[in-house]
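Protein chains in written order, with my numbering: chain A, 19 to 285; chain B, 210 to 540.
For the record, the hints were derived by calculation from the structure and aren't laboratory data.
Mixed in with the good hints there might be a few duds.
Chain B stretches covered by chain A per the calculated footprint, using a threshold of three residues with CB under 8 Å from any CB of chain A [what the hints assert, rightly or not]:
hint : stretch
1    : 272-285
2    : 291-304
3    : 319-325
4    : 333-344
Some chain B residues close to chain A (C-beta under 8 Å, calculated; not the full set) [claimed, not checked]:
hint : residue
5    : R315
6    : L330
7    : I523
Virtual Cβ for every residue (Gly too), placed ideally from N, Cα, C.
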Amino acid sequence: MLNAMRLYGKYVGVSIRGQMQYRASYLLQLVNHLVLTATEILAIWALFARFGSLRGWSLAEVALFYGLVNLVFSITETSMRGFDICERLVKAGDFDRILLRPRTTVLQLMGYEVRLTRLGRTLQAVMVLTWAITSLNLAWTIDRIGLFLAAVIGGVCLFNGIFLLQATMTFWTIETLELMSIITNGSVETAQVPMAIYQPWFRRFFTYVVPLGCVSYFPVVGVLGRPDPLGSTPLFQWLSPLAGVIFMLLALQAWRVGVRHYTSTGS
Amino acid sequence: MSLIVVENLVKTFKVAQRQPGLWGAVRGLIHRQHRTVHALDGISFAIEPGELVGYIGPNGAGKSTTVKILSGILVPNSGVCTVNGRVPWKHRIAHVQRLGVVFGQRTQLWWDLPVIESFDLLAAIYRVPPADYRRNRAEMVDLLDLAPLLDTPVRQLSLGQRMRCDLAAALLHRPDVLFLDEPTIGLDAVSKLAVRRFIKELNRRQGVTVILTTHDMDDIEALCSRVMVIGQGKILSDGSLEALRRSVTSERWLIVDLANDGDGVSDPDALVIEHTGRRVELSFDPQHISPAELIARVTAKHAIRDLFVQNPPIEKIIARLYGRLESSNQS
Numbered sequence: 019m020l021n022a023m024r025l026y027g028k029y030v031g032v033s034i035r036g037q038m039q040y041r042a043s044y045l046l047q048l049v050n051h052l053v054l055t056a057t058e059i060l061a062i063w064a065l066f067a068r069f070g071s072l073r074g075w076s077l078a079e080v081a082l083f084y085g086l087v088n089l090v091f092s093i094t095e096t097s098m099r100g101f102d103i104c105e106r107l108v109k110a111g112d113f114d115r116i117l118l119r120p121r122t123t124v125l126q127l128m129g130y131e132v133r134l135t136r137l138g139r140t141l142q143a144v145m146v147l148t149w150a151i152t153s154l155n156l157a158w159t160i161d162r163i164g165l166f167l168a169a170v171i172g173g174v175c176l177f178n179g180i181f182l183l184q185a186t187m188t189f190w191t192i193e194t195l196e197l198m199s200i201i202t203n204g205s206v207e208t209a210q211v212p213m214a215i216y217q218p219w220f221r222r223f224f225t226y227v228v229p230l231g232c233v234s235y236f237p238v239v240g241v242l243g244r245p246d247p248l249g250s251t252p253l254f255q256w257l258s259p260l261a262g263v264i265f266m267l268l269a270l271q272a273w274r275v276g277v278r279h280y281t282s283t284g285s
Numbered sequence: 210m211s212l213i214v215v216e217n218l219v220k221t222f223k224v225a226q227r228q229p230g231l232w233g234a235v236r237g238l239i240h241r242q243h244r245t246v247h248a249l250d251g252i253s254f255a256i257e258p259g260e261l262v263g264y265i266g267p268n269g270a271g272k273s274t275t276v277k278i279l280s281g282i283l284v285p286n287s288g289v290c291t292v293n294g295r296v297p298w299k300h301r302i303a304h305v306q307r308l309g310v311v312f313g314q315r316t317q318l319w320w321d322l323p324v325i326e327s328f329d330l331l332a333a334i335y336r337v338p339p340a341d342y343r344r345n346r347a348e349m350v351d352l353l354d355l356a357p358l359l360d361t362p363v364r365q366l367s368l369g370q371r372m373r374c375d376l377a378a379a380l381l382h383r384p385d386v387l388f389l390d391e392p393t394i395g396l397d398a399v400s401k402l403a404v405r406r407f408i409k410e411l412n413r414r415q416g417v418t419v420i421l422t423t424h425d426m427d428d429i430e431a432l433c434s435r436v437m438v439i440g441q442g443k444i445l446s447d448g449s450l451e452a453l454r455r456s457v458t459s460e461r462w463l464i465v466d467l468a469n470d471g472d473g474v475s476d477p478d479a480l481v482i483e484h485t486g487r488r489v490e491l492s493f494d495p496q497h498i499s500p501a502e503l504i505a506r507v508t509a510k511h512a513i514r515d516l517f518v519q520n521p522p523i524e525k526i527i528a529r530l531y532g533r534l535e536s537s538n539q540s
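Let's have the full structure, built from the sequences with the hints guiding it.
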């Protein structure tokens with residue numbers, strides 16, 4: 019485990035030095051990401067400037083949802099890039115090289131191309147979170163910090179799981195990839211605002227199928243300390259981030275099945 | 210026990226059959242018809258430690274399927290395959306820890322980084338202890354003359370330089386077994402010789418067992434004491450190059466350089482296979498007519514500047530073997 023982490027650190031170093039070979043392109047991409055996400059924030063702010071609140075949720079409260087999901091997603095995007103381009107690796111035969119090296123496929127893919135440009139989104143998410151936390155005037159007790167961290171960890175696990183599933187599918191077909199990217203990007207969009215505002219069937223999908231609500235909505239409601247219009251209890255809010263972990267463990271199993279399928283068909 | 214044991218290895222692939230036309234494409238969506246292709250049709254062989262084996266066959270014969278199974282990246286349908294007593298696909302990580310693989314067509318180095326950084330990362334991936342790593346790297350740098358290349362980004366290397374670096378990269382962890390897949394493809398003559406010299410030296414010095422697939426018969430002649438020929442999923446021949454030659458044909462060639470332009474050579478017991486300028490190439494069967502007798506007859510009839518007898522080039526032998534395979538397939 020320790021050795022694996024050290025190796026991952028080396029992979030990160032190699033990725034950074036590789037990207038630094040193209041400094042200008044790197045900076046442009048970073049700026050591009052910052053501008054893109056800044057427009058998103060502006061749109062939400064404009065919405066609130068017009069309507070004052072979103073079905074009883076204040077701008078600062080929404081900012082907490084927004085900041086959390088973007089933080090979690092940007093961490094995943096930075097570290098799971100190899101799974102994102104798994105299709106390319108399989109097509110080009112580079113996945114064979116992964117199998118020829120004495121490390122787990124997951125570790126090698128996580129280290130494949132650590133993308134620093136995605137840190138633009140992380141930076142922006144941290145800024146939004148800082149603003150939300152200062153405007154909300156919450157007392158940051160151990161409970162609150164713990165619950166928030168649980169949401170971050172559960173969220174990273176959930177998105178890792180989604181990336182894993184997306185990569186797993188490339189072993190069978192490439193036609194479902196569009197569907198998967200709708201789920202990935204749709205998840206981020208969905209969790210940027212409190213889930214209570216959505217239709218019940220939509221909420222159910224993002225609670226029981228892709229447990230997005232469990233790693234963002236429910237724990238954040240707990241952090242805010244306000245009564246949940248959906249009626250969740252504090253115990254439920256504390257347990258719900260576990261769904262993200264379970265989702266990832268199931269996705270890992272699916273990944274193993276996918277790799278086994280690959281080694282039996284060679285394509 | 211042998212280092213590599215392969216017995217009755219079978220691998221089939223299902224290939225989706227496309228129906229012609231639009232209607233066929235629609236039907237394919239609902240019910241896809243599959244055709245089964247026998248990539249390996251029960252092959253067997255054993256390789257001892259320290260052997261340098263050439264593995265040849267026409268495209269699509271099953272070479273890369275065999276190498277993939279031996280590497281643990283493909284699981285066969287049935288049959289036995291062990292390397293170092295391990296079943297490659299069952300103990301993938303332990304197996305590849307002792308294995309080196311070089312693809313002539315593809316590099317395993319990190320494209321944007323100096324060569325040395327790829328080496329460092331590979332040493333970490335293979336958990337090579339630092340002292341061993343430094344020693345192995347120094348040896349490779351010395352044998353392959355890599356010192357001037359270490360700080361160059363891989364994308365700036367020529368193909369020959371890149372191949373030398375790839376060979377070193379595959380050996381930093383001192384594997385017992387090395388698979389080389391067309392290691393001289395696209396290389397210039399000097400680089401080819403350097404690669405061959407290195408492979409030979411490595412095999413002699415470290416006793417690394419090498420399996421070499423190639424289409425370049427000069428590689429085989431220069432390196433391999435043993436050649437396995439595969440065709441249509443079956444081992445057609447396994448033994449020394451000489452034995453392979455004998456099994457295909459006993460014919461020999463007489464090359465004659467005539468003294469005068471416009472002259473020709475003909476003999477009832479020999480076949481003219483080529484005539485360019487003053488040079489005539491004849492093929493004959495030494496069991497039918499002895500070389501001495503043929504030479505005597507030819508020199509009696511023609512003014513000769515030079516002549517010599519040789520075996521048909523190995524390419525011709527292999528081409529004939531593949532050709533037989535195809536005609537037997539058609540009948």
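Consistency of the hints with the structure:
For the stretch 272-285 of chain B, the stated coverage by chain A is satisfied: 7 residues place a CB nearer than 8 Å to a CB of that chain, which reaches the threshold of 3. Coverage of the stretch 291-304 of chain B by chain A holds [criterion: at least 3 residues with CB-CB distance below 8 Å; count 4]. Restraint check on the stretch 319-325 of chain B versus chain A: 4 residues with Cβ-Cβ distances below 8 Å, three needed, restraint holds. Figure legend: the stretch 333-344 of chain B, annotated as covered by chain A; annotation consistent (4 residues with Cβ-Cβ distances under 8 Å, at least 3 required).
Interface hint status for R315 (chain B): upheld, as the beta-carbon distance to the closest one in chain A is roughly 7 Å, under 8 Å. Below 8 Å, beta-carbon pairs count as interface contacts, and L330 (chain B) has one with chain A at about 6 Å; its hint therefore holds. Hint status for I523 (chain B): violated, given a least beta-carbon distance of 30 Å to chain A, over 8 Å.
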